[in-house]
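Novice: All chains, please: the whole structure from these sequences, using the hints.
There are 2 protein chains.
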Amino acid sequence: MNVEFINPFLSSMLNVMSTMAQMELTPEKPKLKKGEVAMGDVSGLIGMVSEQAKGSLSITYDASLAIATMKGMVGEAPDSVNEEITDLVGEITNMVTGGAKRMLSEKGFEFDMATPVVVSGPDHTIHHKAKGPIVIIPLSSPHGKAYIEFSFDES
Amino acid sequence: MNVEFINPFLSSMLNVMSTMAQMELTPEKPKLKKGEVAMGDVSGLIGMVSEQAKGSLSITYDASLAIATMKGMVGEAPDSVNEEITDLVGEITNMVTGGAKRMLSEKGFEFDMATPVVVSGPDHTIHHKAKGPIVIIPLSSPHGKAYIEFSFDES
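Protein chains in written order, with the UniProt record's numbering: chain A, 1 to 155; chain B, 1 to 155.
Derived by calculation from the structure, the hints in this document are not laboratory data. Values in this document were obtained by computation on a predicted structure and should not be read as measured data. There may be inaccurate statements among the hints.
As the list claims (entries may be wrong) - Pairs of lysine-lysine, BS3-like flavour, derived with a Cα cap of 27 Å:
1) 101/A to 131/B
2) 71/B to 131/A
3) 71/A to 131/B
4) 101/B to 101/A
5) 101/B to 131/A
6) 101/A to 145/A
7) 33/A to 145/A
8) 131/B to 107/B
9) 131/B to 101/B
10) 31/B to 145/B
11) 71/A to 131/A
12) 101/A to 29/A
13) 33/A to 107/A
14) 131/A to 31/A
15) 131/A to 33/A
Specialist: As structure tokens, then:
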């Protein structure tokens, strides 16, 4: 089940970053995370619940890429991660999940989304504790890296 | 609405920490977070969804308190935050939210819980992006501090 969720999240992420911030990300091959840890400086997280499954999604950014994304969206940005940046990452997480939710609905999964939470702090890592495998999709750009990670239980 | 959620989360947290790890925490006065930031080393987060409201909860620990909690539960613990500790913090987050969910149900809120996510990294901060006020409850112990934080939208 987790594998068929890759495309909705990935295409929604590429679409949001491209249309909102003119930021073209290059996805690397998705992998099932085993001991591997995506490290970053600012992450948006959101919980998702449906009748068939529940889980969590995170999008982790290098600070440099989050700042460049803000610059792409509004023309200017702070030098470091502040509340404007965490607000932006929260909104992007909401938009990416909302886009994926529509695609998942076409596959028969009707998810409710919780509200986003944003973590900031240099070199933190995210550990999804659902029982399913953890899918990690690295994305690269000239401004730094991002990672989409998610995991879902069947409920 | 957020204020009437204080007691379910707080009493569930005190109960879980006391019964599972013989760890007695002293709660300080809950506050509505305004610019204030709880900093910690390992945090459990969970998304919650009901018909009336959706939101997110986090429990943030100093590394020293998370390690002492593990020692209280199983008699031994690693020297620093590793996967055993993040698993434990994920489980505690699940148990605290599950306990609160039962009390919230008695108040007429039927929440579905997403799956927990654990963040590790020294001195990270958590930013709840629901539209409601952010409630923060500091908890102190001889081993370090913990913070419960949550925020809910009315949906």
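Novice: Hint by hint, note whether the structure agrees.
Specialist: Structure-based check of each hint:
no.: 1; hint: 101/A to 131/B; verdict: 21 Å, holds
no.: 2; hint: 71/B to 131/A; verdict: 25 Å, holds
no.: 3; hint: 71/A to 131/B; verdict: 25 Å, holds
no.: 4; hint: 101/B to 101/A; verdict: 25 Å, holds
no.: 5; hint: 101/B to 131/A; verdict: 21 Å, holds
no.: 6; hint: 101/A to 145/A; verdict: 24 Å, holds
no.: 7; hint: 33/A to 145/A; verdict: 17 Å, holds
no.: 8; hint: 131/B to 107/B; verdict: 21 Å, holds
no.: 9; hint: 131/B to 101/B; verdict: 21 Å, holds
no.: 10; hint: 31/B to 145/B; verdict: 16 Å, holds
no.: 11; hint: 71/A to 131/A; verdict: 38 Å, violated
no.: 12; hint: 101/A to 29/A; verdict: 22 Å, holds
no.: 13; hint: 33/A to 107/A; verdict: 24 Å, holds
no.: 14; hint: 131/A to 31/A; verdict: 16 Å, holds
no.: 15; hint: 131/A to 33/A; verdict: 13 Å, holds
Comparing the model with each earlier hint shows a violation of hint 11 alone; every other hint is respected.
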